[in-house]
Amino acid sequence: MQNTDKIRRQVNCGNVVIGGGARVKIQSMCTTRTSDTRATLAQIAALKEAGCDIVRVSVLDEKDADAIGELKKGGLPVVADIHFSYKLAVRAIENGCDKVRINPGNIGGEREIAIVADCIKAHKIPVRVGANTGSIEKQFLEKYSRSKEALVESALCNASILEKHGVSDIVISVKASDAALTVGAYRLLDERCDYPLHIGVTEAGTEQMAVVKSSAALGSLLLDGIGDTLRISITGDPVREIVAAKRLLRAVGLDRNFVDVISCPTCGRTQWDVVKLAEKVSARVENVNKPLKVAVMGCVVNGPGEVRDCDIGIAGSKDYCVIFRRGEIVKKVEAADAERAFFAELEGLIDG
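The numbering of the sequence shown is the working numbering, which starts it at 6 and goes up by one.
This list has only true hints and no planted wrong ones.
Taking lysine-lysine and the DSS-like style, the derived pairs with C-alpha atoms no more than 30 Å apart in a straight line are: (1) K11 to K169; (2) K92 to K78; (3) K143 to K169; (4) K77 to K251; (5) K129 to K53; (6) K251 to K218; (7) K11 to K129; (8) K285 to K295; (9) K285 to K53; (10) K92 to K68; (11) K323 to K337; (12) K153 to K11.
So the derived label-pair ranges between C-beta atoms look like this: (13) R151 to G258: 29 to 35 Å; (14) F89 to G26: 34 to 40 Å; (15) E54 to G101: 21 to 27 Å; (16) G241 to D66: 24 to 30 Å; (17) P296 to Q144: 47 to 53 Å.
Quick caveat, the hints were computed from the structure, so don't treat them as lab data. Ideal Cβ placement from N, Cα and C applies to all residues, glycine included.
Based on the sequences and whatever the hints tell you, model everything.
Here's what the structure looks like:
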């Protein structure tokens with residue numbers, strides 16, 4: 006277990022605070038071509054509606070860099086993702102990006118890095134640097150092979166280059182596609198610096214495996230108090246990344262302003278359609294921002310007693326169901342009328 010009392014540096018990405026004890030921010034990245042502002046703004050709107058705090062866009066050419074000013078109309082801080090061109094980094098910053106993601110090792114030599122650093126300072130924006138297993142510099146691979154030490158040394162080296170040129174508003178990351186390597190690298194990085202940390206598993210895969218892999222790694226880190234921003238990378242619709250990230254923050258106790266639905270896995274005692282009701286309840290409260298706990302249980306044998314801390318719950322049998330509050334039965338209804346009766350009670354609690 007890491008030191009959860011450690012306070013990191015704080016930076017501002019537009020109007021969003023990162024680090025310094027602020028809540029963990031959720032990020033995603035647009036999959037549209039950045040210069041296609043209509044499509045990109047539509048995706049930013051969908052991400053914002055889902056609960057995204059910060060959005061990143063790729064900058065492949067001058068058209069992409071020039072589009073950033075228009076994209077800021079989407080209402081989220083925009084991070085420009087740059088590789089191999091210091092000129093594009095400067096152009097993106099001058100067009101108003103709220104943060105830039107660069108790798109000092111691939112945008113040129115000392116002169117080019119100094120130019121970018123001066124632009125970052127002039128516009129008073131933060132920068133994210135870091136390493137993933139596909140971009141570790143040769144000297145660190147030769148010294149440490151593909152390891153947590155290589156990732157951390159590479160990331161800190163990149164940060165030190167910017168510090169040398171007077172840039173201190175730095176966010177840092179060390180990502181791998183392997184969950185265990187990701188956790189090990191971030192724990193080591195946490196010990197060695199006080200930069201705000203952006204956490205994530207890179208190339209995590211399609212949705213089901215990406216969510217499992219990212220939850221295993223990022224959940225471990227968040228429970229250790231490590232992480233100031235996060236992205237759950239999913240091959241596909243980026244809105245799904247936001248849904249998964251919100252659920253992860255809820256699961257580790259960093260977001261309590263939601264309705265927590267507790268439901269049993271069912272067993273041979275279950276004689277009514279608890280699965281269907283649990284799914285309907287979960288769908289109804291998905292976007293309700295209120296700290297409530299709701300239980301949908303399969304049988305009346307243990308149901309009420311197992312979830313005494315719930316604000317409201319239901320447990321059933323073949324013929325009847327009971328509705329309870331804080332473990333105490335308040336109503337008994339016929340099984341055929343259970344869904345209607347329970348939703349009436351639930352709506353009253355939500356609106357109350």
